[in-house]
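Asker: Chains as they are written, first to last, in our numbering: chain E, 1 to 294; chain S, 1001 to 1303; chain R, 2001 to 2305.
Where hints are given, some of them may not hold.
Chain E is faced by these chain R residues, among others (derived, beta-carbon under 10 Å) [unchecked claim]: (1) THR2042; (2) GLN2044; (3) PRO2184; (4) ALA2191; (5) VAL2205.
Partial pick of chain R residues on the chain E-facing surface, computed with a CB cut under 8 Å [stated by the list, open to error]: (6) ALA2182; (7) SER2186; (8) SER2212; (9) LYS2241.
For the record, the hints were derived by calculation from the structure and aren't laboratory data. We put the beta carbon where it would ideally sit given N, CA and C, even for glycine.
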Amino acid sequence: MTHGRTQVMKDEDQRERRLVDVVRARGAEQRPGPAEVVFRLEDVHVHYGSFLALRGVSLEINSNEITAFIGPSGCGKSTLIRCLNRMNDLIPGARVEGRIHYHGQDLYGDGVDPVEVRRRIGMVFQKPNPFPKSIYDNVAFGPKVIGMQPESMDDLVERSLRDAALWDEVKDKLRQNALALSGGQQQRLCIARAIAVSPDVILMDEPASALDPVSTGRIEDLMEQLKRDYTIVIVTHNMQQAARVSDRTAFFNAEPAQGTGDRTGLLVEFDRTDTLFTHPADRRTEDYITGRFG
Amino acid sequence: MTALSTEALAPSRLRRGATRTGARILLDTAFSALLFVGTIVGVIALATLIWTIIDDGWARLAGDPVAFLSSYVSRLPARAGIRAALVGSAWLMVLTALFCFPVGVGAAVYLEEFAPRNRVTTFVEANIANLAGVPSVVYGLLGLGIFARFLRMGPSLLAGALTLAVMSLPVIIVAARESIRAVPDGIRLGAYALGATRWQTVRRQVLPAALPGTLTGTILALSRAIGETAPLLVIGLPIVIFTLPNDVRDPVSALPLLIFDWTSRPQPAFAEAAAAASIVLLALLLAMNAVAIFLRNRYTIRW
Amino acid sequence: MSDINRRTARTGERVIINGLFVCAVLSVAVTVGIVAVLLVDTVQFFRHSSLVEFLTGTVWAPGQGAGEDGRYGVLPLLNGTLMIGIGSIVVGLPLGLLTAIYLSEYANPRVRGVLKPTLEILAGIPTVMVGYFALQFITPSLLRPIFGDERVFIFNAAAGSIAVGLMILPIIASISEDAMRAVPSSLREAAFGLGASRRQVSLRVVVPAALSGISASVILAFSRAVGETMAVTIAAGNSPKVTWNYFESIQTLTASIAQTVQGEVAAGTVRYDALFALGMTLFLITLIMNLISAAIVRRFRQEYS
């Protein structure tokens, strides 16, 4: 894509305009009732060994909303989302300071079982990772493993695949290996797998970044439907995506730590999506969304 | 509808046991315990093995080590010694190394650096992989039929060394190939760019860099060979012998052969002697492995 | 790459490269040698002994002297070899697999740093010593106290199985562990993310995904057990018979070879030729198993691509 300079600036203007249009077009949505706070983060810091990856994050995530984390790479978005379901526990040397409240309970409190946490807070990953089993067994894995005993596993599998907008495409080949599906289908399978265990929250770490635009669109439509039943938090490096689907957006940035050359992530601004994209309060946010960096 | 009630899945119940039933938590703990036990059994078995040998043989060895090491075999266990066997094993090792190191490294160099990717090469590689899985006693039959009988070497140092060399060949080839493969291509490309031929590059850059890893692998292969009994037994190397070899065509004994013979005798005193000889063999193995590890740690280039 | 070879190699270097080629081809010569030496004398053996009796006879009793009066039915030896093979897998597979799972999924780097060398040491113990251990410890201090002196022979298949089991444990553990570690961590993450416990992730995701490598390791270990000579000769005895009583003494293919060569074997006798017939049997069994093992690894390599 070779553009002259003037063309680049025209694209910037176009991008800014489109973002604003997108957000304005959504402004007519009505929120059903008062929001309930699902996550409350107070001054959260995350260390990997001696490296401070993220500092001073405080925000709230409401139920039945889509909250997006955006920002340039390396600013701690993925780190933060993995704290929400204690996936960071699996990394040796990872340390979380500050408080993360989940429905009023300290997520990292004494006696809290990470396994229980993950049964309520599900996750979809950047690169689709279906098990090398049949489509059916992929969806049925979660319920089996956590001890759900549904009256009909077949019904549960079907419901999950319908809710993930995949049923029609796979209903005749449930016993086929999941790896035979396309990338977009695999990701929807992973979503079906996640919702089969009836989670409270679904975390999505760049769910569409490995997919083509058509599949991306379908995943975004899916998110709109899913938020009726689940609370959704997504990490995305695609601003338009955040503008299109999210209700609230948190913009993260990375700044060099004192002394070392490493960069520490921090939360710059957190607001309703329409506000953040049309009237960002912080200069850095404005620079990012207009494409001046990142 | 589901056995897990909504109450059980309530966000407030994050403690252990909310949805994970007692049975499942028990399974998790029991499995961890099972893993630990399964792992530790192997370790305990090894420790018991080494302890048994040392316990059985220490008195015999420490009682008069010089006599034990310098006496020949005898009908009387108290007077039996490992002299011929020890010297024989040492000679076997030296000669085996002499045969299999050049050939093994040569084959590895050819396969890694010069061989075109065609069916012949694939066949040769598959063949080497198969040889690695052939039982040692079959190598003994090879030694018996070809070296000892057909080539009329008899049960000699030469026949024994050749047999052990042939047996160690696949292992050395694999070790050497891995070391050669570990040398980054950048080194080779740099040499070519300066106008070196392929052989010059291999001889002056690749081989020296791959040498520590190759030596380590060779020493480890030899330490396996030195503990092998079956091939030497089949060739017919003697256990009762009162001379040391002067010439490669002389018969030799070997330490593992002697251990086998003494272990097979009913008198408890011979069992002690077998254990004592085993301690010597273990010490030899320990020394060789220590040298190998030292070489690896000290001289391996970390690219 | 061979362009550089042909273009710029000097004459002297051509000779060297040919020499290296010879080294590589020598390995083929070895195989040819093995096959030839086994084949020639096996054919010779079957001139004197009937193939049918070999394959179906239940008595293995090499004759004295020229061996003309011997009975050469291989079934008792096959039976013995099979007993040791199965027995050693019964011992080595659970222990090896548990160790592999522990090393791959549970252990921290420090523990691994201690355990892996320990496994290598176990693998490096000479087989005569393991045989000694079986005879002097396993039978008198383990088997006989538990099962009774009258029931357990001094030489018995159980002790041989335990000994060989200990020897193949490192093979199963190390290859299975490699196979498990090769399972992409994204699969583990997916399972953990769903709320599975470590046990469930290990048993329901990792082990199934690594199954081809684990199976290959088991077949390889079985092949090694079949070819094992000294430990079984010392521990399991030299009584060829068809039995399934593990407390009795038996004789394996390998032990029979070891026993025969310890006596008088003049070349050209049936006893001598019988050695090679046994060797051929062994060679074929292990060859087939090694090929199966390699095929399994090749066929299922794309399990999670």
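Asker: Now look at each hint and say whether the structure bears it out.
Answerer: Cross-check of the supplied hints:
1. THR2042: violated, 45 Å
2. GLN2044: violated, 52 Å
3. PRO2184: Interface hint status for R/PRO2184: holds (8 Å vs cutoff 10 Å).
4. ALA2191: holds, 7 Å
5. VAL2205: Interface hint status for R/VAL2205: holds (6 Å vs cutoff 10 Å).
6. ALA2182: violated, 13 Å
7. SER2186: Result: holds, 4 Å to nearest chain E Cβ.
8. SER2212: Hint on R/SER2212: violated, closest Cβ of chain E at ~11 Å, above 8 Å.
9. LYS2241: violated, 46 Å
This entry does not satisfy hints 1, 2, 6, 8 and 9, going by the numbered hints stated previously.
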